[in-house]
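Colleague: Residues per chain, in single letters:
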Amino acid sequence: MLSRRLVAAAVAGLLVTTAGHALAADKKVVAVSIPAADHGWTAGVVYHAQAAAKELNAAFPDVEVIVKTSPSAAAQVSALEDLSAGRNLDALVILPYSSEELTTPVKTVKDSGTFVTVVDRGLNDPTIQDLYVAGDNIAVGKTTAKFLVDKLGGKGNLVVLRGIPTVIDDERIKGFEDGIKDSELKILDIQYANWNSDDAFKLMQDYLAKYPQIDAVWANDDDMLLGVLEAVKQSGRTDIKYALGGNGMKDVVKKVIDGDPMTPIETPYPPSMIKTAMYMTVANLIGQAPVRGAVKLDAPLITQANAQEYYFPESPF
Amino acid sequence: MTAITDSMPDRTERRFDFSWSDAGPFLALAALLVVGFLINPDFLSATNLSNVVTRSAFVAIIAVGATFVISSGGLDLSVGSMVAFITGMTIMFMNMMAPRLGLGAIPAGIAIALACGLLCGLANGLIVTVGKIEPFIATLGTMGIFRALITYLTDGGTIPIDRSLRDAYRPVYFGTVAGIPIPILISALVAAAGAFILYKTKYGRHCAAVGANEDVARYSGISVIRTRTIAYVIQGACVAVAAICYVPRLGAATPTTGLLWELQVITAVVIGGTALRGGKGRVWGTIAGAVILELIANLMVLSDFVSEYLVAAVQGVIIIIAMLVQRLSK
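Heads up: the protein sequence lines correspond to chains A and B, in order. For the first sequence, the working numbering begins at 9 and goes up steadily by one. For the second sequence, the working numbering begins at 64 and goes up steadily by one.
Hints in this document: simulated from the structure, not taken from any laboratory. Where hints are given, some of them may not hold.
Stated by the list, open to error - Straight-line Cα separation of at most 25 Å, SDA-like style, residue types lysine to any residue; simulated pairs:
no.	chain 1	residue 1	chain 2	residue 2
1	A	Lys-304	A	Gln-58
2	A	Lys-218	B	Leu-92
3	A	Lys-35	A	Asp-46
4	A	Lys-189	B	Asp-367
All chains should be built: construct the whole structure from the sequences, respecting the hints.
Modeller: Structure follows, in C-alpha cells:
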C-alpha cells in the first residue's frame with residue numbers, strides 16, 4: 009500500500025518536473041505517401057524516400073518519418089485515412105497518384121492542422137499545399153534541344169520518341185520544340201513509344217528503315233533510350249551522332265560518366281526530388297526554417313564533369 | 064440425274080468455302096504487303112521485313128501455345144506477365160551462376176526458363192481444370208500474381224543480365240543462320256511442332272473435341288481435365304521459349320516487360336482463324352496473325368498519313384476489317 013503510494017507520488021513528481029521536456033520529446037510525425045514502385049521512376053522515388061526517412065530519423069530524434077507506398081489512387085486515399093486516423097500528423101509529404109482523386113482527401117488532412125508538402129504532380133486546388141516541390145519538364149526538353157543545336161551546328165535531322173499522352177509528355181515535347189525553334193534542326197518524325205524499352209526498340213527500327221539519314225535521336229525518357237540504343241547498334245548505322253534520353257536513370261548517367269560518345273549528356277527529372285521535399289519539410293518542423301512556397305528544380309545538363317552528383321548505383325533506377 | 068447435278072456444285076462450293084476461310088489470314092497478309100509497298104517502297108526492303116518478322120516472333124511463339132488453349136475452350140490472360148516473370152527468373156539465375164559456370168550459365172538459365180514455364184502453365188491448368196474456375200478469372204488472378212512477382216524481384220526497376228554473358232547470348236535474338244534471323248527459325252520450329260501436335264496426333268484431335276463440345280468429348284471417353292491441363296502446360300512452354308528469345312534483345316527484365324502482350328496474342332490467334340469459343344485451331348494462321356499485327360504497327364510508322372494521336376484507332380479499324388473480310392469470305 010505504502011509502496012504503491014510512494015510510486016504514485018514519485019511518478020506525479022516526475023510528471024510535474026519533466027512536463028516541459030515530455031512535450032518536447034513528443035515526436036513530430038511526418039507521413040510520406042507515395043505511389044508503389046511499378047516502373048523505374050517510381051521505384052527511384054520509393055528508394056529515395058526510404059533513404060531519406062532513415063537519414064532523417066537518425067539525424068533528428070524528435071522526428072518520426074513514416075513512408076507508405078500505395079499501388080493505386082484509391083489505395084492512396086485509404087492510406088491517407090489510415091495514416092491520419094491513428095495519430096495526429098504534423099506534416100504530410102505526398103506525391104499524388106492523380107490530382108483529381110487526391111485533392112479532397114489531402115484537404116481533409118490539411119484541415120486537421122497538418123503541414124502539407126506536395127511533390128511532382130500538383131493538386132487541383134493549390135491553396136491546400138504549404139510547399140510544392142517539382143521538376144521542370146519543359147526544361148528537360150529544352151536543355152536537351154539546346155545541346156543538340158549547339159553540337160550539330162544548328163543543322164540536322166532528328167527523330168523523337170515520346171511516351172504516353174500526358175501533361176508530362178506534352179511539356180517535354182514542347183520544351184524540345186521551343187529549344188530547336190530558331191535553328192535548322194528538323195524533326196523528321198515523332199511517335200509514341202509508351203515509355204517502354206520494347207516499344208522504343210521497334211519504333212527505332214522503323215525510323216531507321218524509313219529515314220536514310222538521321223543525325224540524332226531523342227527519347228524523352230531513359231527507359232526508351234535503352235531500346236533505341238539496341239536498335240541503332242543492331243543496324244550498324246554510322247550517321248547517328250547522338251542518342252539522348254532524359255530522367256536520370258543510373259544506367260544512362262553511368263554512360264555519361266564513362267564518356268560514351270553517343271550519349272555524352274543527360275537531363276534529370278530526378279526521383280530524388282522526394283528527398284528534397286522531405287528534408288525541407290523537416291527543416292520547417294524542427295528548425296523553423298521558412299519553406300512555404302513552390303520549388304521548381306531545374307533540369308541542368310549532366311555532363312561527365314558533374315555526373316557523379318546524379319549517380320546512385322544502389323538505387324533501382 | 065438431276066439429283067447429281069444439284070449436289071455437284073454444292074460440294075465444290077463447300078470445298079472452295081473451306082479453303083477460302085482458311086486462306087483468309089494469308090490473303091490479308093498479302094494484301095497488307097501490297098498496300099505497304101504502295102505507301103512506302105522501303106516497306107518491302109529485306110531489312111525492314113526481317114526486322115518486323117523477327118520482332119513478331121515473341122507474340123507468334125506465345126500465340127502457338129494460345130492456339131491450343133483457345134481451341135480446347137480455354138483462355139490465358141496471364142501470358143504477358145508470365146513472360147516478364149520467367150525473364151526475370153532466368154536473368155537472376157544466369158547472373159547467379161555466371162561466376163561459377165561462366166558461359167555455361169546460359170544453357171542453365173534456358174533450362175530454368177523452361178522449367179518455370181512448364182510449372183506456371185501447369186499451375187494455370189490445374190486452377191482452371193481441377194479448381195473448376197473460369198479460365199478468364201483464374202488467369203486474371205495469375206496475371207496479377209506474375210506481374211507482382213516481377214515487380215517485387217526488380218524492386219520496380221530493372222534486372223540487367225551480367226555483362227560477361229551479354230555478348231555471348233546476344234546472337235539468340237540478333238544472330239542469323241543462313242541469312243535467316245534465329246527468332247524466325249525458332250518460331251517456325253515451334254509452329255511446325257504445334258501444327259504436328261494439333262493436326263496429326265490423338266491429343267490434337269482431343270483438344271478440338273473438348274473445345275467444340277465438352278460433354279460429347281467426355282461421353283466419348285476423353286479426359287477433359289487432362290486435355291485442358293496439357294494445353295496450359297504447352298502454353299507455358301511456349302511462353303518460356305519466347306522469354307528465352309526475349310532476354311538477349313534488351314538484356315533486362317522490368318515490371319513493364321510483356322505488358323498487354325496477352326491481348327496481342329489473343330488477337331493474333333483470332334485473326335489467324337482459330338475460333339475464340341473453341342473447337343477449331345489454326346497454327347499457321349496464328350503465325351500469320353502475329354506477323355499481320357506487327358506489320359500494321361510498322362506500316363503506321365512508315366506511312367505519313369496518320370497523326371501519331373490516331374495510330375491506335377487506325378490499327379483497331381484494320382483489325383476489325385480483317386475480321387470482317389474473313390467472315391464474309393465464309
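Colleague: Starting from the hint list further up, note which numbers the structure goes against and sort them upward.
Modeller: The structure breaks only hint 3.
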